[in-house]
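Asks: What follows is the residue order along each chain.
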Amino acid sequence: MRVGIIDYGAGNFGSIFSALKQIEIQPLVVKNNRDLLNSDALILPGVGAFHYGMSNLLEMQIVENLQAEIKKGKKLLGICLGMHLLASRGTEGATIEGINLIQGEIIKLKPNSTNKIPHVGWDRIYTKDEKSLNYFYFSHSYFFHAINSINVSHYFTWGNSKIPAIVQLNNIFGLQFHPEKSGIAGLHLLKEILNKGS
Amino acid sequence: MVGFLITLFGVKLPSKRIIAKLDIKSESVVKGIQFEGLRKVGNPKELISKYCEDGADEIILNDVVASLYERANFLELIQFIVEELRVPLTVIGGIKTIEQAKRIFDIGADKIGINTFGFKNPKIYEEIAERYGSQAVIFSIEAKKFNVNNSWECMADSGRTRTHIEVSERIKEFKSSHAGELLITSVDNDGMLCGPDEDLISLVDVNSDFPILYGGGIRDASDVAKIFQAGIDACVIASSLHYSRTTINGIKKYLEASNFEIRSLSII
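Chains as they are written, first to last, in the working numbering: chain W, 1 to 198; chain Z, 199 to 466.
Since the hints were made in silico from the structure, they are not lab data. Being a predicted model, the structure only gives us computed values, none of them experimental. Treat the hints with care, since some could be wrong.
Pairs of lysine-lysine, DSS-like flavour, derived with a Cα cap of 25 Å [said to hold, decoys possible]:
id, chain 1, residue 1, chain 2, residue 2
1, Z, 243, W, 21
2, Z, 210, W, 110
3, Z, 300, W, 31
4, Z, 210, W, 108
5, Z, 223, Z, 243
Chain Z regions said to be covered by chain W (calculated; three or more residues, Cβ under 8 Å) [unchecked claim]:
id, stretch
6, 281-291
7, 305-313
8, 328-340
Each residue gets a CB set at the ideal place from its N, CA and C atoms; glycine is no exception.
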């Protein structure tokens, strides 16, 4: 399986690349539409601001092809900013449209009596039936507000709220946390998602 | 002792963090006392690997030399941490430009921290946050006590240069800076293994919206529990770890037993 990591200049490309090698997947660099087509599965990494990331991605002129390939069934995993870009729209800075593969909006986290912003640190994620899983490392100020709750497979708690940790729609996966920074649990999860259904 | 309940009226609290800080000069980890008299204390890769295995939630690397020609070693160390250890990594020490920050982020570090250059260019925090997000930018303060009661001055250049700016004023600058987290280090307690500066900690409004990291003087689990109870979100430990006075494993066991919310080392 050829896993292509989209390199759009938005950070953490290197750490995802080396994480894949550690789970014995030889990744490819995706810099253009040809690389995109040559990959069997795709990863959209990313660290930083929505507006900056989306602008970079648009400049590469691969968004339409990406949407088409995913609709044909190619697996796509978005990580952190990459997860956010899967949404319909981001509101960080100026409002800008996302890739629009999972309906939702990226909006700012609000602090409360128990939680501070940005959300930085290790937190447990939970399944829909409230089963607790491992700790993963989070570092973000915005979150994925999914339109359809069926697209949220795992969440973390934020005061009395539940915030999406993993979003999913068929062959599309989005992780809010950094699996490449979350020790062994992170590597296992990456392996599981990439090998799922292959 | 009474720790923070993992759930407070049914609401799960966010995890506190134990952060190991390493001051790097050439190929060695060094450590001073009150930011002076740096002594070699070990091999960076060995110590960082050990701390990660022990459960460090993050690592802070401080480039003590902060000069251009020394950086090749330092960047190679960052790469090692990113590729082999995959622990969340913060880099501080002499960061002046967004280009330097970019270089550090491109290799795979998660956050950068700025102290000295933040005085010369207050906009640097915002410039970097705009592209990388505020969560990637730490506002760092080195606090040294005045002769006057309950007053601290900000220091620059690794505790060497006086700024004549009060810490309480500087904290206000942080709030409008667009940096995400505040790191306060006690210059007086640094390397002294005398416990945290609790009066300094009380300067910060721990109930405000932003995460606060504290370092300086932390000896053991009891010190860590004390500052967590005071509302600090992450403790930064150097000497006590480098001189093997405490271990992260030991600290976490103590904290778990006291019902603090902390990332446990067991994996499901």
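Asks: Compare the structure with each hint and give your call.
Replies: Each hint, compared with the structure:
1. The suggested pairing of residue 243/Z with residue 21/W holds, with an alpha-carbon distance near 20 Å, which does not exceed 25 Å.
2. Between residue 210/Z and residue 110/W, the direct Cα distance comes to roughly 16 Å. Compliance with the 25 Å bound is thereby established for this hinted pair.
3. The straight-line distance between the Cα atoms of residue 300/Z and residue 31/W is roughly 19 Å, inside the 25 Å bound, and the hint therefore holds.
4. Between residue 210/Z and residue 108/W the alpha-carbon distance is near 20 Å, which keeps this suggested pair within the 25 Å criterion.
5. Taking the CA atoms of residue 223/Z and residue 243/Z, the gap is near 13 Å; set against the 25 Å cutoff, the hint holds.
6. Taking a C-beta to C-beta cut-off of 8 Å, the stretch 281-291 of chain Z contributes 4 residues in contact with chain W, enough for the three needed, and the coverage statement holds.
7. With a threshold of 8 Å between beta carbons, the proposed coverage of the stretch 305-313 of chain Z by chain W holds, since 4 of its residues qualify and at least three are required.
8. Here's how the stretch 328-340 of chain Z fares: 7 of its residues keep a CB closer than 8 Å to some CB of chain W, so the rule of at least three is met and the hint holds.
Every hint from the earlier list agrees with this structure, and none is contradicted.
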